[in-house]
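**Student:** Residue numbers (my numbering), protein chains in the order written: chain W, 4 to 319; chain C, 14 to 531; chain S, 2 to 303.
Treat the hints with care, since some could be wrong.
[Said to hold, decoys possible] Per label pair, the in silico range of CB-to-CB distance: (1) W:144 to C:141: 49 to 59 Å; (2) S:202 to W:36: 12 to 22 Å; (3) W:14 to C:293: 49 to 59 Å; (4) S:55 to W:203: 37 to 47 Å; (5) W:120 to C:193: 39 to 49 Å; (6) C:198 to W:78: 32 to 42 Å; (7) C:198 to W:144: 52 to 62 Å; (8) S:50 to C:439: 27 to 37 Å; (9) W:78 to S:55: 50 to 60 Å; (10) W:14 to C:232: 57 to 67 Å; (11) S:75 to C:365: 48 to 58 Å; (12) W:83 to S:14: 53 to 63 Å; (13) C:267 to W:238: 48 to 58 Å.
[What the hints assert, rightly or not] With the Cβ distance kept under 8 Å, some of the chain W side facing chain S (calculated, not the full set): (14) 23; (15) 30; (16) 35; (17) 39; (18) 143; (19) 152; (20) 154; (21) 160; (22) 163; (23) 206; (24) 276; (25) 287.
I should point out that these hints are in silico values taken from the structure, not numbers from a laboratory. Cβ coordinates follow ideal geometry from the N, Cα and C atoms, glycine included.
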Amino acid sequence: MDTAPYLVHRFGTSLVVLAGVSVVTYGLLFLTPGDPAEVILSQQLDRQPSEAEIEAFRAEHGMDEPVPLQYADWLTDVLRGDLGTSYYSDASISALILDALPLTLELAAASVVVALALAIPTGVLSAVHRGTAIDRASQLGALVGVSMPNFWLGYLLILVFALTLGVFPVAGAGSYSQLVLPAVTLGTGMAAVLTRLVRSSMLDVLDEGYLDTARSKGLRERIVVYKHALRNALVPVVTILGVQLGALLNGAVVIEIVFQRPGLGMLLVDAVFERNYPVVQGITLFTAVAFVVTNLLVDLSYRYLDPRVELGGDPT
Amino acid sequence: MMDTAPTRRQLLTAGVGAGIVGLAGCAETSLDAEADGTFTIVPTADPTGTGDSWDNWGGMTPYWTRVIEPLVWGTDGMQPQPWLATDWTATDDTTWVFDLREGVTFHNGDEMTADDVVHSFEEDILTERGDFVHGWLHVEPGSVDRIDDYTVSFETTEPFPGFPGTIAHNMIDIQPAEADRRAGEIIGTGPFTLAEMEQGQQLRVERFEDYWGGAPEPTELTFRAAEDATTRTDLLVAGEVDLIYEPATSRIDGLRERGDVRIETEQSSGSVFVSINIHREPTDDADLRRALNYAISQDEIVTTVLEGVGQPASGPLSTVIDWAADEELPAYERDRDRARDLVSQSSYDGEELTCLVENDMDDGRTLVQILQEEYEKIGVTLDVEVLESASLRDRTDRGEFHLELGTSQSNSPAADYIMWENFHTMGISNKDLYEAEGTGLHNLGGEVDELIETGFQSHDPDEKREAYVAAQREIMDAGVVIPLFYREYVVAADAELEGLDLHPIDKFAQWGELTRTT
Amino acid sequence: MSVALESIASAVGRRYRALRTSRTLATFCANPLNVAGLSIVTAITIAAVIGPLVAPYDPTTQDLANRLQGPSLAHPFGTDQLGRDLLSRLLYGARLSLGIAVAVTTIRLVLGTTIGLLAGYTGGWVDEALMRLVDIQLAFPGLVLALVIAGILGPSLRNVMLALAVVGWASYARLVRGTVLATKERDFVRAARLMNVSRFRIATRHLLPNVAGPVVVLATLNMGTVILGTAGLSFIGLGAQPPTPEWGTMLADGRHHLRTAWWIANVPGVAIMCTVLGFTLLGDGLRDVLDPNHETTLEKRT
Numbered sequence: 004m005d006t007a008p009y010l011v012h013r014f015g016t017s018l019v020v021l022a023g024v025s026v027v028t029y030g031l032l033f034l035t036p037g038d039p040a041e042v043i044l045s046q047q048l049d050r051q052p053s054e055a056e057i058e059a060f061r062a063e064h065g066m067d068e069p070v071p072l073q074y075a076d077w078l079t080d081v082l083r084g085d086l087g088t089s090y091y092s093d094a095s096i097s098a099l100i101l102d103a104l105p106l107t108l109e110l111a112a113a114s115v116v117v118a119l120a121l122a123i124p125t126g127v128l129s130a131v132h133r134g135t136a137i138d139r140a141s142q143l144g145a146l147v148g149v150s151m152p153n154f155w156l157g158y159l160l161i162l163v164f165a166l167t168l169g170v171f172p173v174a175g176a177g178s179y180s181q182l183v184l185p186a187v188t189l190g191t192g193m194a195a196v197l198t199r200l201v202r203s204s205m206l207d208v209l210d211e212g213y214l215d216t217a218r219s220k221g222l223r224e225r226i227v228v229y230k231h232a233l234r235n236a237l238v239p240v241v242t243i244l245g246v247q248l249g250a251l252l253n254g255a256v257v258i259e260i261v262f263q264r265p266g267l268g269m270l271l272v273d274a275v276f277e278r279n280y281p282v283v284q285g286i287t288l289f290t291a292v293a294f295v296v297t298n299l300l301v302d303l304s305y306r307y308l309d310p311r312v313e314l315g316g317d318p319t
Numbered sequence: 014m015m016d017t018a019p020t021r022r023q024l025l026t027a028g029v030g031a032g033i034v035g036l037a038g039c040a041e042t043s044l045d046a047e048a049d050g051t052f053t054i055v056p057t058a059d060p061t062g063t064g065d066s067w068d069n070w071g072g073m074t075p076y077w078t079r080v081i082e083p084l085v086w087g088t089d090g091m092q093p094q095p096w097l098a099t100d101w102t103a104t105d106d107t108t109w110v111f112d113l114r115e116g117v118t119f120h121n122g123d124e125m126t127a128d129d130v131v132h133s134f135e136e137d138i139l140t141e142r143g144d145f146v147h148g149w150l151h152v153e154p155g156s157v158d159r160i161d162d163y164t165v166s167f168e169t170t171e172p173f174p175g176f177p178g179t180i181a182h183n184m185i186d187i188q189p190a191e192a193d194r195r196a197g198e199i200i201g202t203g204p205f206t207l208a209e210m211e212q213g214q215q216l217r218v219e220r221f222e223d224y225w226g227g228a229p230e231p232t233e234l235t236f237r238a239a240e241d242a243t244t245r246t247d248l249l250v251a252g253e254v255d256l257i258y259e260p261a262t263s264r265i266d267g268l269r270e271r272g273d274v275r276i277e278t279e280q281s282s283g284s285v286f287v288s289i290n291i292h293r294e295p296t297d298d299a300d301l302r303r304a305l306n307y308a309i310s311q312d313e314i315v316t317t318v319l320e321g322v323g324q325p326a327s328g329p330l331s332t333v334i335d336w337a338a339d340e341e342l343p344a345y346e347r348d349r350d351r352a353r354d355l356v357s358q359s360s361y362d363g364e365e366l367t368c369l370v371e372n373d374m375d376d377g378r379t380l381v382q383i384l385q386e387e388y389e390k391i392g393v394t395l396d397v398e399v400l401e402s403a404s405l406r407d408r409t410d411r412g413e414f415h416l417e418l419g420t421s422q423s424n425s426p427a428a429d430y431i432m433w434e435n436f437h438t439m440g441i442s443n444k445d446l447y448e449a450e451g452t453g454l455h456n457l458g459g460e461v462d463e464l465i466e467t468g469f470q471s472h473d474p475d476e477k478r479e480a481y482v483a484a485q486r487e488i489m490d491a492g493v494v495i496p497l498f499y500r501e502y503v504v505a506a507d508a509e510l511e512g513l514d515l516h517p518i519d520k521f522a523q524w525g526e527l528t529r530t531t
Numbered sequence: 002m003s004v005a006l007e008s009i010a011s012a013v014g015r016r017y018r019a020l021r022t023s024r025t026l027a028t029f030c031a032n033p034l035n036v037a038g039l040s041i042v043t044a045i046t047i048a049a050v051i052g053p054l055v056a057p058y059d060p061t062t063q064d065l066a067n068r069l070q071g072p073s074l075a076h077p078f079g080t081d082q083l084g085r086d087l088l089s090r091l092l093y094g095a096r097l098s099l100g101i102a103v104a105v106t107t108i109r110l111v112l113g114t115t116i117g118l119l120a121g122y123t124g125g126w127v128d129e130a131l132m133r134l135v136d137i138q139l140a141f142p143g144l145v146l147a148l149v150i151a152g153i154l155g156p157s158l159r160n161v162m163l164a165l166a167v168v169g170w171a172s173y174a175r176l177v178r179g180t181v182l183a184t185k186e187r188d189f190v191r192a193a194r195l196m197n198v199s200r201f202r203i204a205t206r207h208l209l210p211n212v213a214g215p216v217v218v219l220a221t222l223n224m225g226t227v228i229l230g231t232a233g234l235s236f237i238g239l240g241a242q243p244p245t246p247e248w249g250t251m252l253a254d255g256r257h258h259l260r261t262a263w264w265i266a267n268v269p270g271v272a273i274m275c276t277v278l279g280f281t282l283l284g285d286g287l288r289d290v291l292d293p294n295h296e297t298t299l300e301k302r303t
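So that you can see chain W by itself, here it is in the shape it has in the complex (with noise of 0.2 Å):
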């Protein structure tokens, strides 16, 4: 398939489903039981609100206008770079979403230089000894860290690292130090994925004629493993990353509790448990957008790192 119209394609679905995601999460003030308006006004109030004030609310807020036309008035806003303010501060919500985004992009990057650290060697060694105890006792080892709820990896590394061993501190951010047994729980749960990515990747590059060639010309077996055949495989492992976004979010909302860390999930945690309703849809469709973007960067670059991919198919 040719660029231009693939891109075109690529783009225009993508539109499509931004704008799906903007009617989701506006749709979700709607699952409220009971009336948004009086539901956000006995918050505000710290009361039972009355028929004129909450009538009055409505006119405020545009809650009296037909929905669809209160969804458009939201979405002019949204797409001027307004996601609104907070019920109970005067913050704006894109302030809020800044203010907590580093500590949750820190906590990110780090978990996938973990899950990295971790995936590749336990990958490649898997791959190398296919078939044989060492091949499954790392794909098992690399499933035991998913299998466990990530907040209770979280305490039981408190535990051992920071009470016991006294090597890490318990809770926090702002230093390295406090990035470490948040990054590592939350590596350890992806680490499972790439792990078996870099093996099957590192299977299917094993398999080339070319690596006969390399061997043949008198490398040493393990730098024609590690030079080439990895180099290859990562290819794949690169990619996934974009698709990973949604798993590290999933991820650090439980960890940034569990650490005491003040981003975008305890952000969404606290704005949920608050019925803080504009900041939750605002963390909400951030998170998606940044997903829906994301990958479709990821699959344009895909073309770049990998020319034998050939645009236009499926991309799972």
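Fit chains C and S to the known structure of chain W by using the hints.
**Tutor:** Relative to the frame of chain W, chains C and S by itself:
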């Protein structure tokens, strides 16, 4: 509301800037600053005040930090104590005149005068905080006046002898007009000045050399956020912090055994009880409510799941409050046979009673399951709902529950409002439903309302006590609440720490004498 | 619906017969990890079925005098903060936790398979529209959306299940559609179409059995993620209400005692870990057997 706020562009740039600083700030910071005079303290709530706007005073929780101060403080015996005001008198039934302390310096170097007091009350407290303050302080906007540079008068909406004790509250603080608290600029009079704040993480304050009470010992205090009791305990055990409030209950015994930790307990102004919705079937039946009281053993709860922290209660008010009744109240020793008899006499017919509890109440899940088990034994089925604060409030506002497990605590020496807000028909718990449907939640009405009014408006301590005790007796006779325990709070600290000055109101602790023995 | 079930049953039956006679069983058993997975899942399933019958105590009866007791003969896994027998709670919880996972997975499966079948078989704008719907669901990080939905609906087990169900169907739809597209053009389907067999019949008799393999694999792998998702939401405070012995809630409650009474958190923790591991290993094993082309991937965990 928004006209003083910065534009979105400014906020966005500020956000991005903060983000970069945040990333760049990843450098190692010393975890346990051993330098003398600096201490790290972990209170129970986030000191940077995320969340509930009630606790958020310009981005800083007003409690614990001793940056801002009110006119009146409280003694350990829960009596009003001169602070930024040196004296006060009621010149008639509804007028209070306060003499201000001279020579009090704000953190910006200016001297505090009557203008600042008028400004703080009129603008910040009565206007910006919203209507609920008017009912709480019994003062409305436009009734605070400057008499001279060091004298201010307050006009209350009705006779209110408890006024000085009520304004002895961390949130009723004095700041100059220049302080823009919305922008996070806080100018107080306290022994510490706000130095740095990292939202959701920590807040650092520094010694204020010109403090009117003399400069404090510590040079610097850091208040860290850790709302989870286990995390707080871990932080202390790992040596990352010097002092924590309320370690996890399960860890207290272990901490007591450690040589490097000292544990202090202090009876608090709070008590934990189950309040019953007396306007909903079948808990509108006093026999059933009494049965629920007879089913519980307060002693057993305190000695088991609370690990001995707290005192078994027979009334709804902490006994540090001087008119709290305890022994004068009808005793409900656990007596399951009697409870069963009362249940069968009552209109209870096997239906599920709903019991609400807030999800972040310490030991709430455990306590509520004990209630569930005990009531099972007398043939009453309890359906437990652990809810987050918003859902909980939603349900209580509508009166859609039978029982609610909670804590009632006074954050100022005048605890009158616990009686008023919970049990008077026009109190905050009952008023809305009373006005809408003629009901309420915990209001017996009639004589109890009159007794509460008498207590509330009496200048005579004996008369006040007599009225309030009589009201509490009626409340307990009718089984409106199931008292569980008077709270004690625990502070765990590095054993080297000296000069702790705790207070029945945990948020009134003073850090001025804090030192380290080496 | 009954036609569909029947055809799935017959397909599974066929596969089972084929399994016995062919090398498939040998393939499955060749990898000890597959056997381990099958054994764990079997054990947990048995526990879930007979657990309440063999549990030594009532799972909610408290005994405050014997709280926080370590493992002993009377209480093999110790007692919790209210003196309840942990083994009994674990056994009762097996039924509950497995039940949640089965229920959520079933909803996901039915919803996703229906949409995938419809999209793949109908094609055209219906396909396009349904696949965009799939993209929209996949754009939200699963646990984040589930947290928001469950949080807004209020904390209860039912809402947690609902939330987890609506955030996990899309991968089935995508998988089924892919398989259907591949199968649709195969000779036997073309023949049926030429013989004027109804569309519904083609879909249920010919297409569904072919997607069954990959779907079963995905569902098996999904069981683990649902159990982890439930545990995560319980930790956040949206899970089961007390005194329900749900594993995630038990683990979340027990964490305050991790240092003083390790068994309260670690017993349900290990139970969850083994169950998830078992389903993942079994799913991997089944994939080797039922889905040799490796069409199922589980890169997006919820």
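**Student:** If a hint holds in the structure, say so; if it does not, say that too.
**Tutor:** Going down the list of hints, with the structure as the test:
The hinted window of 49 to 59 Å between residue 144 of chain W and residue 141 of chain C holds, with their beta carbons roughly 58 Å apart. Checked against the hint of 12 to 22 Å, the C-beta distance between residue 202 of chain S and residue 36 of chain W comes to roughly 43 Å, which is inconsistent with it. The beta-carbon spacing between residue 14 of chain W and residue 293 of chain C, approximately 58 Å, falls within the hinted interval of 49 to 59 Å. The hint said 37 to 47 Å for the Cβ distance between residue 55 of chain S and residue 203 of chain W, and at roughly 42 Å that hint holds.
Between residue 120 of chain W and residue 193 of chain C the Cβ separation comes to about 47 Å, which falls inside the hinted range of 39 to 49 Å. Distance hint check: the CB atoms of residue 198 of chain C and residue 78 of chain W are about 36 Å apart, consistent with the given range 32 to 42 Å. The hint said 52 to 62 Å for the Cβ distance between residue 198 of chain C and residue 144 of chain W, and at roughly 54 Å that hint holds. Between residue 50 of chain S and residue 439 of chain C the beta carbon distance is about 58 Å. The supplied range of 27 to 37 Å is therefore violated.
In this structure the hint that residue 78 of chain W and residue 55 of chain S lie 50 to 60 Å apart at CB holds, the actual value being about 57 Å. Checking the proposed 57 to 67 Å range against residue 14 of chain W and residue 232 of chain C shows it holds: the Cβ atoms sit about 59 Å from each other. A hinted range of 48 to 58 Å is violated for the C-beta pair residue 75 of chain S and residue 365 of chain C, which are about 32 Å apart. The given range of 53 to 63 Å is respected by residue 83 of chain W and residue 14 of chain S, whose C-beta atoms sit roughly 60 Å from each other.
The supplied range of 48 to 58 Å is met by residue 267 of chain C and residue 238 of chain W, whose beta-carbon atoms lie about 52 Å from each other. The beta carbon of residue 23 of chain W is positioned within 8 Å of a beta carbon in chain S (closest approach about 4 Å), and the interface hint is therefore held. Interface restraint check for residue 30 of chain W: the shortest CB-CB distance to chain S comes to about 11 Å, outside 8 Å, so the restraint is violated. The beta carbon of residue 35 of chain W comes within 5 Å of a beta carbon in chain S, closer than 8 Å, and the hint placing it at the interface holds.
At its closest, the beta carbon of residue 39 of chain W sits 10 Å from a beta carbon of chain S; the interface hint therefore is violated under the 8 Å criterion. At about 6 Å, the closest approach between the beta carbon of residue 143 of chain W and any beta carbon in chain S falls short of 8 Å, and the interface hint on this residue holds. Given hint, residue 152 of chain W at the interface with chain S, holds; its Cβ is 4 Å from that chain's nearest Cβ, closer than 8 Å. Because the smallest distance between the Cβ of residue 154 of chain W and any Cβ of chain S comes to about 5 Å, under 8 Å, the interface hint for this residue holds.
Evaluation of the residue 160 of chain W hint against chain S yields a violated restraint, the C-beta minimum of about 11 Å exceeding 8 Å. Interface hint at residue 163 of chain W: violated, since its Cβ lies 11 Å from the closest Cβ of chain S, which is beyond the 8 Å cut-off. This hint is violated: residue 206 of chain W has a C-beta 12 Å from the nearest C-beta of chain S, more than the 8 Å allowed. Below 8 Å, beta-carbon pairs count as interface contacts, and residue 276 of chain W has one with chain S at about 7 Å; its hint therefore holds.
For residue 287 of chain W, the suggested interface contact is upheld, since its CB lies about 6 Å from the closest CB of chain S, less than 8 Å.
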